[in-house]
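Here is how the chains run, residue by residue.
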Amino acid sequence: MMQKDQSVKLNIQSSFLLILCLVLSLLDRMIPLSFLIPIPGIRIGLANIVIMYALVRVGRIRAALISLARIILVFLFSGNVTAMLISFGGAFLSFIIMALLCAPNQNKISIFGISVLGASLHNIGQLIASSLFVSSSVVFYYLPFMLLTAVVSGLITALPVALLLKRSDISVDYNYI
Amino acid sequence: MQLRLKLSFFDLLIILIIVIIAILLLLFTFSNNHETLYATVFLDGKEVNKILLTNIEEPIELQYSNLGYTNTIVAENGRICVLSADCPHQDCVRQGWLSHKGQIAVCLKSRLMIRVDGQNDNYDTVVG
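Going down the list, the sequences are from chains A and B. Each residue of the first sequence is one higher than the one before, counting from 1 in our numbering. Each residue of the second sequence is one higher than the one before, counting from 1 in our numbering.
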């Protein structure tokens, strides 16, 4: 059946995207951005490239699952529970906004805007999660620097997605949920 | 589903809003809050006066004498110091202006101490 074939195809694509997301996530933990910007754990969220592409390519539910699965897998690789919970807080907030803005008939905000908003909310979510962890609001002093970094990294990570989407033809009308 | 790929006005608006929020937050955290800054004067370890250092229009001058030595204290808006004293070492005068929570000026001869306290406390520095 068409429906079943499509579903299988999307699942396989999602698996590949998950692996890509995982590798990019591990890779960008290795990039020592802390030398340039003195915030602990500051990253160029390369994994968001995959999430945004997945939002368009395989639909929002599968993209959410890719995001969740990536967080769990990175935890299995690194063993850091705190990082996982904080990462989950950031990804949760960020994904909600990105999913809302990737609605079918939305053409006011481009992929760059979605990426910047996603990156900013990811940072805000991480700060909220870490403030709950240490039960104090001192962490929010990092917010201005993280927001400025988020704008730049959001624009950078949107670029590959824009280039990909421009050159591929995903104008087929999947049943996107 | 097709996403818009070209930068639009709304994108720039979003970026502008975020940058403005970041700058406002920076200004807010680095502004020195003079709210509820006060200085306590002690003689022989006992509190003799409490001076509110916010909203002082004209400098307040006070004199304290103890154990044969006299200290003159001046309080201005947001800061206080021992202006002059007749003690031999002048440690209290050399302390200069006190304007932050926790700063102390002590005169060893007259057993006078000024201590600055406050409610709002900004962090001193950020270590990455």
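It is worth saying that the hints were derived from the structure and are not from the lab. Even glycine gets a Cβ: it sits at the ideal position worked out from N, Cα and C. Incorrect hints may have been included.
If you want the footprint, here are the derived chain A segments under chain B, 3+ residues with CB under 8 Å [said to hold, decoys possible]: (1) 78-84; (2) 99-109; (3) 116-130.
One-sided and incomplete, this derived list gives chain B residues near chain A with beta-carbon spacing under 7 Å [as the list claims (entries may be wrong)]: (4) Lys6; (5) Leu7; (6) Ser8; (7) Phe10; (8) Leu16; (9) Leu25; (10) Leu26; (11) Leu27; (12) Asp117; (13) Gly118.
To list a few chain A residues with every Cβ distance to chain B over 12 Å, as calculated [claimed, not checked]: (14) Leu26; (15) Asp28; (16) Val161; (17) Lys166.
Coverage assertion for the segment 116-130 of chain A with respect to chain B, Cβ distance below 8 Å, three residues required: Coverage by chain B holds for the segment 116-130 of chain A (3 residues, Cβ < 8 Å).
Distal placement of Val161(A) relative to chain B, Cβ over 12 Å: violated (8 Å)
Status of the Ser8(B) interface restraint (C-beta, 7 Å, chain A): holds (5 Å)
Minimum beta-carbon distance criterion (7 Å), Gly118(B) to chain A: This interface hint is violated because 18 Å lies over the 7 Å limit.
12 Å cut-off, C-beta based - Asp28(A) kept clear of every residue in chain B: Holds, because the least Cβ-Cβ distance between Asp28(A) and chain B comes to about 18 Å, which exceeds 12 Å.
Beyond 12 Å from every chain B Cβ - status for Lys166(A): For Lys166(A), whose nearest Cβ neighbour in chain B is about 6 Å away, the distance does not exceed 12 Å, so it is violated.
Outcome, coverage hint (the segment 99-109 of chain A, chain B; C-beta under 8 Å; three residues): holds (count 6)
Interface hint compliance - Leu16(B) to chain A, C-beta minimum distance less than 7 Å: Since chain A brings no Cβ nearer than about 10 Å to Leu16(B), farther than 7 Å, the hint is violated.
Per-residue hint verdict: Leu7(B), partner chain A, C-beta under 7 Å: holds (5 Å)
Assertion that Leu26(A) lies farther than 12 Å from chain B (Cβ): Holds: least Cβ distance 23 Å, greater than 12 Å.
Closest C-beta approach of Asp117(B) to chain A relative to 7 Å, hint status: At 21 Å from the nearest chain A Cβ, Asp117(B) fails the 7 Å test, so the hint is violated.
Hint validity - Phe10(B) Cβ closer than 7 Å to any chain A Cβ: This hint holds: Phe10(B) lies near chain A, its Cβ roughly 5 Å from the closest one there, short of 7 Å.
Hint compliance for this structure: hints 1, 8, 11, 12, 13, 16 and 17 are not met, and every other hint is.
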